[in-house]
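J.: With my numbering, letter number 304 in the sequence shown gets 285, and the count goes up by one each step, no holes.
If you're looking for bench data, these hints aren't it; they were derived computationally from the structure.
There could be a bad hint or two in this list.
Said to hold, decoys possible - When the alpha-carbon atoms are kept at most 25 Å apart in a straight line, the in silico DSS-like pairs for lysine-lysine are as follows:
1) Lys10 with Lys20
2) Lys34 with Lys79
3) Lys150 with Lys184
4) Lys399 with Lys341
5) Lys347 with Lys404
6) Lys129 with Lys34
7) Lys39 with Lys18
8) Lys124 with Lys34
9) Lys10 with Lys35
10) Lys13 with Lys35
11) Lys124 with Lys211
12) Lys282 with Lys266
13) Lys34 with Lys10
14) Lys280 with Lys232
15) Lys184 with Lys211
16) Lys129 with Lys79
17) Lys309 with Lys265
18) Lys265 with Lys209
19) Lys79 with Lys35
20) Lys123 with Lys39
21) Lys300 with Lys282
22) Lys96 with Lys150
23) Lys209 with Lys288
This structure is a prediction, so every number in the text was calculated from the model and none was measured.
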Amino acid sequence: MLREFIRKLIEVRGNDLSFLNVGDIIWAKRYKTEEEKNKIKKGHQESPYVIIKKENGKVYALECTSNPHEEVEWKMAYYPIGRFNYNMSKNTYINCTKTYRLQEIQFVEIIGHLKENDLNSVKKQLYILLNSRYKIKPYIEKKYLDYKISVGDVIEQNDIRYYIHSLNKRYLYCYPLKKVINKHNSILINNTYYNFDFTHEEKIKIKSQYDLVDTFNSGEIVIINKFKEKLEQNKESKSLRIGALIDYNAKMYYVYDEKEDYLYAYQVYSNDALMYNTTSIQVKKGFYKTYFSQVVLRKDKVIENSKIRRCASREEILKNAKLLSMPKKMRIEESKGMTKKAQLTGQRSIEDFVPMTILKNENNQKYYLVINREGNVIEVVNINEMNDTYSFLLEEGNCPFKYYRILSKEEFDIYINKINELKEMAKKFFG
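Model the full assembly from the supplied sequences, consistent with the hints where possible.
T.: Listed below in structure tokens is the structure:
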């Protein structure tokens, strides 16, 4: 009945789509003719669209999908909108790489409207796509992308990129991004490494000339803030002590003991180095090869001329010491098992499995949201089956979960509210 009423309303308005507004989410046919319809698989002949442009009575939109193409690795290609935010049956992704001109015959019904922050974020992604070297670009002029700059954006000024961590009416407060990427000091976000210089803050006038080149959502901002805190903690705790991994005289050493004036260490190499009959030790979740060739270094010389790369945790120090005490053949076999297990967790450490993180269970291929964490115990919920909730003990190197992506703060809050509602209902029924 509602669809028939809307269709009649369209005819009254002159059989056009001029009543639609930018940001409207509509349900529409993906075809204009029967010939086009027959080429589309049943069940996929209609989908949501988001209106992004109106010009001279014509309406242009971005198509949505519940299954973004896996081969598209750049985050700017798709923008996620949660099903709870917009009362949809599935989590949906806006395809930002192509705009479609919609015809009256395609329209079915209006199903919602993008929230202001989502519409602003979509416009920013479209702007960045247009300026990029990405091979697929949307057909939309920049004058229709009147976005507002915000925390989490990356701007470029005088060939330097800056990450905006706060702002007011006059200034943007930013951290520079280093051009040379050192993976050991960088953070991996959506298949891209970023190297933030948190030691220097720049103040840039909002009304000055700069260009938007990247942007992070609220969940990614949480990851960046956590990474900054970790760097600050590491800086305070790092010292020439047992467990330190240092660069000295163009060589890398792991400190396994110390005395008043001397450090006892063994030389280590990158885990990617083509070396045989070595043992792999672990430092801050990373692996390094060594022959356990022991050296004695003078502390005063090392302090003047060395650089501390990272420091092993207490647990790692004990594991490395245990390997050192083993016969050569045994420790080589033991380290092979350690590195093989560590590969199961993918590119991310289990330390990053925090609330707001979506994980993929490699055993059942389902996606779970981390809603709580106490130590190494996480509470997860199936993102499509709210009753599938349970706790899991994380073990480094023995974990079925793989990092997928971070949820936005707004969508995460909606999930939490839904889960709390289910828990309250369960209390009433089961006491």
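J.: Give a verdict on every hint.
T.: Consistency of the hints with the structure:
1. Lys10 with Lys20: holds (13 Å)
2. Lys34 with Lys79: Distance ~12 Å between Lys34 and Lys79 Cα, so the pair holds.
3. Lys150 with Lys184: Within the cut-off at roughly 12 Å; holds.
4. Lys399 with Lys341: Holds, because 21 Å separates the two Cα atoms, which is no more than 25 Å.
5. Lys347 with Lys404: holds (22 Å)
6. Lys129 with Lys34: Within the cut-off at roughly 17 Å; holds.
7. Lys39 with Lys18: Roughly 22 Å between the alpha carbons, so the hint for Lys39 and Lys18 holds.
8. Lys124 with Lys34: holds (10 Å)
9. Lys10 with Lys35: holds (19 Å)
10. Lys13 with Lys35: holds (19 Å)
11. Lys124 with Lys211: Outside the cut-off at roughly 41 Å; violated.
12. Lys282 with Lys266: Violated - the C-alpha atoms of Lys266 and Lys282 are around 28 Å apart, more than 25 Å.
13. Lys34 with Lys10: The given pair, whose Cα atoms are some 18 Å apart, holds under the 25 Å limit.
14. Lys280 with Lys232: holds (16 Å)
15. Lys184 with Lys211: holds (24 Å)
16. Lys129 with Lys79: holds (22 Å)
17. Lys309 with Lys265: Holds. Lys309 to Lys265 sits at ~23 Å (cutoff 25 Å).
18. Lys265 with Lys209: holds (16 Å)
19. Lys79 with Lys35: holds (15 Å)
20. Lys123 with Lys39: holds (17 Å)
21. Lys300 with Lys282: Given that 25 Å is the threshold and the Cα spacing comes to 28 Å, the pair is violated.
22. Lys96 with Lys150: holds (23 Å)
23. Lys209 with Lys288: Given pair Lys209, Lys288 holds - Cα atoms ~20 Å apart, limit 25 Å.
Checked against the numbered hints given earlier, the structure breaks hints 11, 12 and 21 and satisfies all the rest.
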